[in-house]
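> Given these sequences and hints, build the entire structure.
Just so you know, the sequences run in chain order E and B.
Residue numbers for the first sequence follow full-length UniProt numbering, so the first one is 1 and each next one is one higher.
Residue numbers for the second sequence follow full-length UniProt numbering, so the first one is 1 and each next one is one higher.
Hints listed in this document are in silico derivations from the structure and should not be mistaken for laboratory results.
A couple of the hints might just be wrong.
[Unchecked claim] BS3-like mimics (lysine-lysine), calculated; alpha carbons at most 25 Å apart, straight line:
#	chain 1	residue 1	chain 2	residue 2
1	B	14	E	170
2	E	139	B	14
3	E	174	B	14
4	E	147	E	86
5	E	89	E	147
6	E	119	E	170
7	B	14	E	119
8	E	89	E	170
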Amino acid sequence: MEDGKTASPPGAEGGEEDDDFGYRLFPDRNKEPQSFLVRSLFTFHNRCQIVLCQNNIRHQSHMNRVVAHELIHAFDHCRAHVDWFKNVKHLACSEIRAANLSGDCTLMNEIARFKFGLKGHHQTCVRDRAIRSILAVRKVSRETAEKAVDEVFDACFNDLEPFGRIPHSKTDAKRAYKDFLNRDRYTANL
Amino acid sequence: QPPRPCEDYRWEWKHCRGLRHAFHHYYAHGELPDCGRWRDDYAACRAWEKDRTAAARVPPGPSGPGGGGKHGAVWALRSCPPPDWHRPLDRGAAK
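Structure, rendered in structure tokens:
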């Protein structure tokens, strides 16, 4: 995946999560000061891994979310020709999908970040987090990131693969899995 | 046979009409969900079970979650995962 990391200022408090939006491909590169709290790494050391640093993940639900987020990137890498490094729109699309489908932008998570909103706020959150993720892993301007996100947002927000729905709950997740198990029947009878 | 068992359409319709789903849909899309399509599909499925006639067929269209996964051509899809999917990415190579 991308080579990047996110600055998560040490001791950040205020109830707002300082999320790691990026992931590091080669952890031995980029000798950044140890003040960065890298919360998730996606490393390829001859075997595919998602490495989580436990120093900033304190709840099981948070870990689940981060793993789901990274797995969506992995899924995108396997199913499409994604140019992670040279095409900001490709990166933006994957970040939109990951923020949308991983549970990053649930109402409770947003409230915990002191970001309040209801009507369509999920999309606002997804857009904002996608922009932040791009800025965390690529040296582009904010305008470039915003432009890329805006251009691909409609298409990528509505790309719900592999779930077919935004999994808001365990019920949704179980239903999505059931649809996956029955996918052959579905496609054969369309 | 129908793409899904008839009971699946009924379940989706009931789920769609529920308060929890309505809330999530409003939060995600800024509007309440339209559950009519699930109802119509369920009715068509039952009609097809009773009498396999063309009248029970539902015109194709976005049905169910994801609307058929419509999305613009941001990426070119692969036919299979890259053989080196497990290896470090090559920053210089276009994907």
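> Given the hint that residue 119 (chain E) pairs with residue 170 (chain E), test it: the Cα-Cα distance must not exceed 25 Å.
Holds - the C-alpha atoms of residue 170 (chain E) and residue 119 (chain E) are around 22 Å apart, at most 25 Å.
> Do the alpha carbons of residue 174 (chain E) and residue 14 (chain B) lie within 25 Å of each other, as the hint requires?
Measuring from Cα to Cα gives roughly 16 Å; hence the hint holds.
> For a C-alpha distance cap of 25 Å, please report whether residue 139 (chain E) and residue 14 (chain B) respect it.
Roughly 47 Å separates the two Cα atoms, so the pair is violated.
> Within a Cα-Cα threshold of 25 Å, do residue 89 (chain E) and residue 170 (chain E) meet the stated pairing?
31 Å, violated
> If you draw a straight line from the CA of residue 89 (chain E) to the CA of residue 147 (chain E), is it 25 Å or shorter?
With a Cα-Cα distance of about 9 Å, the restraint between residue 89 (chain E) and residue 147 (chain E) holds, given a limit of 25 Å.
> Checking one constraint from the list: CA of residue 147 (chain E) to CA of residue 86 (chain E), max 25 Å. Satisfied?
15 Å, holds
> Take the C-alpha atoms of residue 14 (chain B) and residue 170 (chain E), compute the straight-line distance between them, and say whether it is at most 25 Å.
17 Å, holds
> Please work out if residue 14 (chain B) and residue 119 (chain E) have their alpha carbons no farther apart than 25 Å.
Holds - the C-alpha atoms of residue 119 (chain E) and residue 14 (chain B) are around 23 Å apart, at most 25 Å.
Violated hints, listed in ascending order, are 2, 8; each of the other numbered hints is respected by the structure.
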